[in-house]
Amino acid sequence: MSFEYLKQKKILLVDDEADLLHMVEAILKKDGYTQIRTAGSISDAWTLYEEWKPEFAVLDVMLPDGDGFSLLSRIREKSDIPVLFLTARGENEDRFKGWDMGADDYMVKPFMPRELTSRLLAILRRSYKSENPLAVLSGSKVDFERAEVIRDGAHIALTAKEYDILTALYRNAGRIVTIDQLCEAAWGDNPFGYENSLMAHIRRIREKIEKNPSKPVSLLTVKGLGYKLLTED
Amino acid sequence: MRNTWKLIRRFVLILLLSVITLFILNVVLLIAYTYDDANNRGGWQAAEEIAQELTETKEGYRLSPYGEEILEEMDAWGILIEDGSGDVVWHSGNLPSGIPLHYSVSDVSWGTRGYIKDYPTTAGARGEDLVILGHPKKRYWKQMWNTWSYKLIANAPQTAIKVLGFNILAVLLIYVLSTSGILKSVKPIVEGIEALPGEDEVYVREKGLLSGLGASINRTSEKLLSQKYALKKKERAQANWIAGVSHDIRTPLSMVMGYAGQLEENAALPEEARKQAQVIRLQSVRMKNLINDLNLYSKLEYHMQPMQMSRINLSAVVRLAVADFVNLDLEQKYPIKWEIEEELSVCIMEGDKELLGRAVNNLLTNVRVHNPDGCKVSVKLKTDGEKIRLRIEDNGAGVSAEQLDRLKNAPHYMADDGNETGNRSRHGMGLLIVRQIVSAHGGEVEFGRGESGKGFWAELLFLLTEKIKS
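Chains P and W supply the protein sequences, listed in that same order. Sequential numbering of the first sequence, starting at 19, is according to this note's numbering. Sequential numbering of the second sequence, starting at 559, is according to this note's numbering.
Honestly, the hints are just simulated from the structure, not real lab data. Certain hints may be false.
Stated by the list, open to error - Under the rule of at most 25 Å between Cα atoms (straight-line distance), these lysine-lysine pairs were calculated in the PhoX-like manner: (1) K745(W) / K765(W); (2) K934(W) / K246(P); (3) K675(W) / K696(W); (4) K895(W) / K241(P); (5) K938(W) / K895(W); (6) K791(W) / K233(P); (7) K911(W) / K115(P); (8) K27(P) / K71(P); (9) K115(P) / K857(W); (10) K833(W) / K48(P); (11) K246(P) / K791(W); (12) K911(W) / K241(P); (13) K891(W) / K241(P); (14) K241(P) / K934(W); (15) K938(W) / K241(P); (16) K765(W) / K564(W); (17) K47(P) / K833(W); (18) K246(P) / K911(W).
Could you put together the complete structure from these sequences and hints?
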């Protein structure tokens, strides 16, 4: 994948365990990230934040001088940078609290290095998508910024629902997204009984992105479960 | 209160039965006692017989020896009154003095109806003439006016029933009056005992006839409450302890996993060392799962996991879990067949989405853990109109009959004896959590082996609460 520009982002790691900080730093460096700073407390993190202006923060919840939630709300007063919680607190209330406060993701320790790096990259892609090149599919390209499909030089606009559905698929590119998740992305909570509408939208999306909509190669059906978007990048 | 009513009903029934039984018993006794007395007919019979035994001769009447015997046996005297003249034409030898020897028609009437000189009499006809026997004074008591109104006899059955009815009423009245006092003091006791199994503290006024019982109930209630409180406190401490341990273990385990992962990918290391690092990583993933399971298990067990109930679509939950499973199966070692009855595509029930997803996940994870070389998996969602059945089946290594038995019957993870080294023995917690989650949703879990003895299946059954849209 060609996301080199994202690897230049300034990443702040906050955790009270120095050993863990070292390890995460090593993992990220190995994955190609170049600008990483670490802090062991809220006050250190805050100083670093003010001076260095990181573009991404990985926060622990339990810190010696307070909790990560309060650090996040201080950050949120100043900026919208993406934040990922990496913590040993796995309770649902904690997760919901983190998300409610505007965290972009919430990971519970212990974690696999690869899980961390792929989640981090996904968040960066989402957060800095204006710099994001177009999504490249087999027969077309999708410009999410303008909500349009570019195929054979022609620009085809996506409707709002098509955009929601395609975005959900693109965020999970290469993975199955269930019918229900797609309905939720398009119609909101508890979307019961929208399967037929979803099928109609999928058909129209295919007409826009596929060379041969009756033999799709990018937007695949996984029977009974959902759909999968394959990208070229 | 229900118990009190039951008690009253029972008593009334017993009373009714007793009254009826008593009535019948009385009638029987009456008949039995008076049966002997029916012989008082004997006096009259004797008079008839004497009349037969008298023969007329030239010297007057003669009583046969048999007739004499009868008189002797009855200890009676006899006279024969001639029709027309009213004269006594024969009398027995033992005639007491003072018995008249001439009778007018009215005398005869009086004599046969009642007494002659205080001797109770019986009479019998001899042709136109009349034989009268006189019996010892204390032998019979004669009813002089032996008539009842016809109505009285005709209405006898109704009268008997009326009497019986009045008796029953009287007995009931006596019962109610005498027991209402007892009931009054029993009622709070019964209510107290009935309330004991409930959640709240029970207090019964310690007064009156049964104050001792009331006091015992109050003390029992206090004891129960304090025990419950102590138990809860202990459970909470236990669950908190487990939560604490599993929290503290996460950061060190992160480092084990992280560094093992890095070593595994370090091209500078010899192949052997990288393989060993992989083992460390995989085993630490397993530890991570165990810790998660242990934590969730103790929370569910001690009711510290608040259920987030809402209207959910079960098929969406299952689809998501299956999709996650397929997404993780990069090598496609576990081809999954997903079947759902069409009307279940939207299958609404009241439930906790996360927990139900976790249950399905656990079952699918088990398939992967126990069949590292891959196997086919089938997930089916069916309904028989009353229950929803979610069946997850594999054709992999399966379980032995004993292991299956243990799975079905082991009440607790801790009950696993731990001797087993096979993989299935570690089924333990994952399946227990499935069971906990399902039973928290009012459902049931069934396990079994494939038909050919291979493979393993689990079926989750939930009540279908909402009608399926056709």
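Structure-based check of all given hints:
| no. | hint | result |
| --- | --- | --- |
| 1 | K745(W) / K765(W) | 12 Å, holds |
| 2 | K934(W) / K246(P) | 21 Å, holds |
| 3 | K675(W) / K696(W) | 13 Å, holds |
| 4 | K895(W) / K241(P) | 10 Å, holds |
| 5 | K938(W) / K895(W) | 8 Å, holds |
| 6 | K791(W) / K233(P) | 63 Å, violated |
| 7 | K911(W) / K115(P) | 18 Å, holds |
| 8 | K27(P) / K71(P) | 10 Å, holds |
| 9 | K115(P) / K857(W) | 20 Å, holds |
| 10 | K833(W) / K48(P) | 20 Å, holds |
| 11 | K246(P) / K791(W) | 49 Å, violated |
| 12 | K911(W) / K241(P) | 22 Å, holds |
| 13 | K891(W) / K241(P) | 18 Å, holds |
| 14 | K241(P) / K934(W) | 17 Å, holds |
| 15 | K938(W) / K241(P) | 14 Å, holds |
| 16 | K765(W) / K564(W) | 24 Å, holds |
| 17 | K47(P) / K833(W) | 23 Å, holds |
| 18 | K246(P) / K911(W) | 23 Å, holds |
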